[in-house]
Amino acid sequence: MNYTKEQIWKFLAEIPDPEIPVITIEELGVLRDVEIQPEKVIVTITPTYTGCPAMKLFEDEIILALKNKGIENVELKMVYSPAWTTDWMTEKAREKLTQYGIAPPVKGTQDKGVLFSSGSKVVKCPRCNSENTTLKSQFGSTACKALYRCNDCLEPFDYFKCI
Amino acid sequence: MTTKEALINYCLRIGDTSLILGQRMSEWCSNGPVLEEDIAMTNIALDHIGQARTMLTYAGVLEGKGRTEDDFAYKRNEREFYNSLLSERPNGHFGDTVVRNFLQSAYFYHLYTALSSSKDELIAAHAAKSLKEVTYHLRHSAEWIVRLGDGTDESKNKVQTSINEIWEYTGNLFEMNDVDTLLIKEGIAINQTEIKSKWDKTVDEVLERAKLIRPTDAYMQTGSLKGMHSEYLGHLIAEMQFLPRAYPDAKW
Ligand SMILES: [Zn+2]
Chain A
13 MNYTKEQIWK FLAEIPDPEI PVITIEELGV LRDVEIQPEK VIVTITPTYT GCPAMKLFED
73 EIILALKNKG IENVELKMVY SPAWTTDWMT EKAREKLTQY GIAPPVKGTQ DKGVLFSSGS
133 KVVKCPRCNS ENTTLKSQFG STACKALYRC NDCLEPFDYF KCI
Chain B
1211 MTTKEALINY CLRIGDTSLI LGQRMSEWCS NGPVLEEDIA MTNIALDHIG QARTMLTYAG
1271 VLEGKGRTED DFAYKRNERE FYNSLLSERP NGHFGDTVVR NFLQSAYFYH LYTALSSSKD
1331 ELIAAHAAKS LKEVTYHLRH SAEWIVRLGD GTDESKNKVQ TSINEIWEYT GNLFEMNDVD
1391 TLLIKEGIAI NQTEIKSKWD KTVDEVLERA KLIRPTDAYM QTGSLKGMHS EYLGHLIAEM
1451 QFLPRAYPDA KW
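Line order of the protein sequences matches chains A and B. In terms of the numbering used here, the first sequence opens at residue 13 and continues consecutively. In terms of the numbering used here, the second sequence opens at residue 1211 and continues consecutively.
By construction, these hints were calculated from the structure, which means they are not laboratory data. Note that this is a predicted model, so its numbers are computed, not measured. We treat Cβ as the ideally placed atom computed from N, Cα and C, and that holds for glycine. There's no promise every hint is true.
Covered by chain B, per the in silico footprint, the following chain A stretches (three or more residues, Cβ under 8 Å) [to be verified]: (1) 56-63; (2) 84-96.
Okay, derived cross-link-like pairs now, PhoX-like style, lysine-lysine, Cα gap no bigger than 20 Å in a straight line [what the hints assert, rightly or not]: (3) B:1342 to A:133; (4) B:1421 to B:1411; (5) A:17 to A:79; (6) B:1214 to A:68; (7) B:1421 to B:1285; (8) A:119 to B:1342; (9) B:1408 to B:1342; (10) B:1214 to B:1395; (11) A:81 to A:52.
Let the hints inform the model, and build the full structure from the sequences given.
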């Protein structure tokens, strides 16, 4: 192997999320580990949501990125534990999300009210920074987002929901 | 029966219930009452199908005969499915769907909470992961039950009828056989009576808040542990499996 683990990690860290191209698979927390073996490279990833359709694309992108560097023998390992959480998202990724127009996950993971939402969480509008916003639906344009509306600028916006 | 054989069956029970409910929910795509609900229901469908993939893949790994998740989903017949009778109930109107999903999600919520500490590593990881998703499903359906139950006279009557009509399919969720006996002893599975008491509490809490009446337990439908299903499953499977059966090994 002509590369070190750190170099390979760096190649992979730059791969953008296909649905939110401003953040990378590293910032998202999907990329978990790189292991160099004599015959192959093992890349460990974890899904955001079990049914996330972007996962297949992540896998293809990882294989392609390494192929471009002359690494042909790649094994992808999918792990489920520890389960992915939005708490892994870096500060930089949160800022980039806001600039892109998606409200980043409010820290502290999931809403504690299991049966009914507690409604105590404040999600800021990524456009005008207003705190006067309303949850329209817990389910949005992709598995990882909820739909909100700003009551000041009146624009709808996506919120990267906590899990 | 070996532990491995029991575990394969257990994975199929969980995986098939997710798969069939996911397929049912996908039928709502473009038919939702409002755009937000259309999106919510197809998102929920996707979560269920994702959860099914993990369990069916694992069943294939345990079996060791090279069967993939697709082989399990597309190449089995009706009598080889072990999904809950509840999950195959038709969508009906929006209230029917909400009630079915609520009763099934409350079950999944308590099942996955318990299985998060299963002695089988993959089952535990799958449960912990799925729990996060199912919590959103449970909240979505619970909030709708309250809105419909405590809504207009019409919505209240409709959703109460939905509950009354589907109730006889809930007993099946908690049935056990020798698969459970073996896996409970190994610390892999959970005793369904434990899930039942937690499920009862959740159902009572939501129905009370929705001002709806919990039906009394009477005759309960049975059969899914033996692969026996209602007439609806065959039709669902026919649609789900049409393409892979008509064009075997077709690729995107
Ligand atoms: Zn705003």
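Do the hints match the structure? See the list:
no. : hint             : result
1   : 56-63            : holds (count 4)
2   : 84-96            : holds (count 6)
3   : B:1342 to A:133  : holds, 18 Å
4   : B:1421 to B:1411 : holds, 15 Å
5   : A:17 to A:79     : holds, 15 Å
6   : B:1214 to A:68   : violated, 29 Å
7   : B:1421 to B:1285 : violated, 44 Å
8   : A:119 to B:1342  : holds, 15 Å
9   : B:1408 to B:1342 : holds, 18 Å
10  : B:1214 to B:1395 : holds, 13 Å
11  : A:81 to A:52     : holds, 13 Å
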